[in-house]
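**Q** Each chain is listed here by its residues.
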Amino acid sequence: MTRISDRRLELRHDPLLTEKVVYSVGPQHPSLPAPVRLVVQADGELIERVTPEIGYLHRGVEQLCARRSYAQCAALLSRCEWLAGANADYLVSAAVEQLAGIEVSVRAQWLRMLVLELSRILSHLFWWGQLGLEAGQITAVFWALREREPGLDLLELLSGHRWHHGWIVPGGVRREPPAEFYGGLARFSGRLREALEHFEEFFSDNAIWVNRSELIGTLNSDYAQAHGASGPVLRASGVDHDLRRDAPYLQYDRVSFSVPVGEYGDVLDRYQVRMEEMRQSLSIIAQCVEAIAHLAPTTGGAGGPARSAGEDGGHGGSPHQGIEVPAGEAYIAVEGPRGELGLSVVSEGGPGPARLHLRSPSLYHLHLLDELCRGYLLADLFVILGSLDIMIGEVDR
Amino acid sequence: MLNDRLQQLVRAAGGDALLLDARQHRGLVTDTSDLITMLKNLRNDGFTRFIDFTAHHLGAKPNDDNQLAERFALFLILRAPKHGHAQLTLKWNWPGAIASGRGVPPWRDGSQGGTSTAPTDDEPSAAVDVDADLAALGVASHAFEKAPALEELASGNGDATHHEPPTSPQTGYNKDDGAGQPDGEPSPAGPVTAHPTLSHIWPAAGLAEREIFEMTGIPFAGHDNLAPLLLDEQFVGFPLRRDYEPPKRPDYAGALLKSREEQALLGLALAAQRGTPMTKLELEEQRAQMGSPQQDDDREHGGSRYSNNDNTSGGAP
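These protein sequence lines map, in sequence, to chains E and W. Counting in the numbering used here, the first sequence runs from 4 upward without gaps. Counting in the numbering used here, the second sequence runs from 984 upward without gaps.
The shape of chain W in the complex, shown without the other chains (with noise of 0.2 Å):
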């Protein structure tokens, strides 16, 4: 039946650029079996070029459990070359419980967790209970401790050992963790819910969700390698995600004076006669010598160049 909506949906577009809003066609899909049957139907219709798949990150909202979930629209586009190549982009919402500690995924926060046998089913279970969750973490955090090593390559596929993410109360993961919280805030809960994988429908999806996990934190259940694709193995956070704040750049204007009141109080008018600024270690003997009360701190937070909030009154000279 959906098949045959869609299909009608694509002809009717003739060919051209169809865009299927899940809040225009809410009933058309109704839980993830629904969408993984869609999409093979697509697939078998003659949507067998993967052209792209991305996610957008909308916030986090709370949900009807006034739990805090973060939002995020997928975007899948597709093209058929049995119908003259025609595109087609599909957009649907995906919601998610989130830990408070927002950004951060548990797994990577350096605590250990168990042993366990998650299972790695190829089709994912149409209800996103907090079970299913689990179990796809269970397989993305496998994936994520297991960047194909060099002897693996030679062995050929790895074997499957799977980890359990850590269900340490800090991190705030655990499900029970928000049944404590009092009614009327939200509370912390689970991780963003796991998405089935395309990879088994479109190979080529495979290398963007690798890509959308490490930049926005969607796991996928079902894919055998979500290993950083672009990023450092070492990078905390979700760049793609709202909240997400850059670290700031170490100060290296430090060693420069901020403001006209500093330069003149320190003396810098001698170093400006010599014609070559103050280098760090002259400054903070300067400093030393005046028992400037606000040394360190004034140094490292304020005045960078690349900081956005500018504290400071006057620039770098």
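Isolated chain E, as found in the complex (with noise of 0.2 Å):
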């Protein structure tokens, strides 16, 4: 056996198909994190193809969103990405506003913002718990879900939910954050600060977790972009394109943020680009909080679109039951914690759509496993399936 460039090692020729045995992993796994099937092809201790088996959590999203409203289909959509459900609701809420023509007030974009990214930070921090489980680390996880408690807490305190808020509504935000949400925000920034440094600490220095990502799971850049990479992912390996940069969309263009860009596009690459992400977006939410507290609140609360008498459907309290979009087609994306989250919308006029598809990054990055993983030890698979960080809930839908 001889290395390759990278830790990768060159599988050898074998016509008559010794010792080739091939593993299914899952639909249930301690390891995975979702049912997914992993169909792991491997010569000895060296994987030599992985062919994912999805649809264990389809749920039909697409087709029960044709005949919904497009708050039902917000929460629907929210189900898809748990992790950070606020991208959902924004995605619909864009689409409605971009089909029907809605301004929203600038205040409420920059709350939207500071959501958004505030989900980026949860989703990234449970994230990294689950990755030290997968690398052996079992301190990671237990460390991560104490930082991200108050997190939740925040979002409860903002929309009474913790992970499906249904706060972002199309007009704006269903309502202005009470004012301790502040004070509780600066707290969770400083103790996140803190806390990162010691993440870092803990895995930086470890030769443990470095031995086990340095140069593994390598993806080219070339490939990463020809077969549907985005976000950290497509980051980590060289490429700088972050839609929140280069396709501003609320208040971006406002803020000064850094995109963090890897070299080799390994295991090592792309945490490292996850945790410098989560810093950036703790710098944006200081930057949404100063903006916020010099613009006036929007009257009536949410600033979303006048309910019209009657018809709310009896849901009562949804400012946004019974709106009428005009006919249209509409893509919009998001760069959300995992990639470029995007939805196309197809409306031919209605209180819901007519078609709707969510691009979800989770799906093809879990179809790069198989590149990823060809030339690795069998014991590599879960810490290159852990960097991706998949979520089943938007492969399936």
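No lab work stands behind these hints, which were simulated from the structure alone. It cannot be assumed that every hint is accurate.
[What the hints assert, rightly or not] Simulated coverage check for chain W against chain E, where a stretch passes if three residues somewhere in it have a Cβ under 8 Å from a Cβ of chain E:
#1 1031-1042
#2 1052-1060
#3 1067-1075
#4 1179-1188
#5 1206-1213
#6 1217-1231
For glycine and all other residues, C-beta sits at the position ideal for the given N, C-alpha and C.
Dock chain to chain to rebuild the complex, using the hints, since each chain is given by itself in its own frame.
**A** The structure is reproduced here in structure tokens:
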């Protein structure tokens, strides 16, 4: 066995197929985030091929959405990417606003940005904890979830819900954050800034982690682009692209932040890119808070479109029940925690979409596994999978 | 020429989102080879990042030949890293003919087809005629039947044996079936016209095409594996077509009584005294004793709490 460029080992030519084993990993496996089956073909300890088999969590969300109102679609879609459900709320709201020509107040845009960045941090924290589990560092998951908890409390303070907020609605946000929100946010940010230093100390100088991640699961930038990679996975492979900077939405063109880019596209790079992204998100949140402080609160709290009488379908309280959206097509993309989360909406008029399609970054990332794992050891499989941050809910939809 | 015109359009958009609508630029793409040429040019122009490919079913309409055609709108979203990751959304319509048994692909109905050697050209032919469709469907059915098995994975690429889709009359699949139809009424004809695959231009498109095929039934000619991606292998129908009706759930609430009159009739007051609802068995015994004429029908077809057409007088208690 000879080494190629990185730590990838050359597969041996074996026409007689001796010692080839096909493992079926999953659909239920302690190291898998949610039901998915990986068919792994190995030559001894070397992985030769990985074929993901998906659909165990398929709920037919797109089919369900074709018969439901936009408010219901947002609720369904936020359950596709449950670690950062605010992104789905934003996508549906932005699509409705684009189709119906609704202007969103600047203050509401800053508030949305704040919550999207907070969601990114919480999602990345969960990812880091899980990565620790995959790499045999069980401490990570306790540390990560401990820091994540105050963040969830903040979102609960804001919207009443920890995970699926429904706080971002067409036309704005549901209501003003309560006064104690900003104090809690400042405490959370300060604490997390220190904690991130701890996390990095714990991982960066740790021979176990570095040995398991450096030059493991390398992804070439051309291959990544051709195969649909996006977000931190793409950036770790050296492609300097971030929708927040390159196609700014909300008020992202008015904040300053840097886009971390990796060099080798290995597990270590993907880890470092995400850790740096959390720091950048904290900086964006600080800028949001400052901008919000200088803007007067919108009247009526949410600033959403007025509800027409008797059209709320008895659901009460939801400002966008019964909204009539004109016919048209829209593609809205957001730089989610996992990459480009996109929503194609076809409206034929009425309170709900005729067709809605979620562009899920994890679907493409999961199918990179075959390229990423080839020539590495079986023990690397879960570290590589963990570094991709797959969300099965959005893969299967 | 196509290339120049597109380049102008993309430049004119200044890197912003650009929607090329087939209705607005009807002359731009006239047939499938033009489409593929255009897309290849776009890729060579810098649109190397595939983002998404999705289909929207527009419904069935009679076409010029008076045959019912399923119509789809296809959306392709690309980005060009070279041009500041500019986003391009392309939309085109994809018509097709359709079998009378809509929603059920003919090769899933269990009838056996013979084998033939359908061509698997990387370059789909320009003309969309019936023979091309058959060839494409041959590939599709082959891919469908051969989901990656473990032994195939171990032996590298599987061999290519193509199964021609069944052309039995009862499926209405064969185009000749339409010949006997009276004029003036759209005739059931062949299946949806195969679309040339984009997976040799952007490898990631292969995944999206698998999803489009299983959800809407557009087969992709030249695609090497159209096995179901998200749905179960046994699943019948195309869920993202307009006329798709989800199967009714079993009536789990069937053991409970549905109307107050029925409750009174069957003496549920006794059960209420007891404090628990009647079991299904008890209910059947009661009904048998009373000789209720509508016992089974009523229970199975109406009043399910999941059913959309609620035709019962009252809800479940």
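**Q** If a hint holds in the structure, say so; if it does not, say that too.
**A** Structure-based check of each hint:
Closer than 8 Å: that is the beta-carbon criterion, and the segment 1031-1042 of chain W has 8 residues meeting it against chain E, so the requirement of 3 holds. For a cut-off of 8 Å, the count of residues in the segment 1052-1060 of chain W with a CB near a CB of chain E stands at 3, and the three-residue condition holds. Here's how the segment 1067-1075 of chain W fares: 5 of its residues keep a CB closer than 8 Å to some CB of chain E, so the rule of at least three is met and the hint holds. With a threshold of 8 Å between beta carbons, the proposed coverage of the segment 1179-1188 of chain W by chain E holds, since 3 of its residues qualify and at least three are required.
Residues of the segment 1206-1213 of chain W lying with their CB closer than 8 Å to a CB of chain E number 3, which satisfies the three-residue condition for coverage. By the rule of at least three residues with a Cβ nearer than 8 Å to a Cβ of chain E, the coverage given for the segment 1217-1231 of chain W holds, with 4 such residues.
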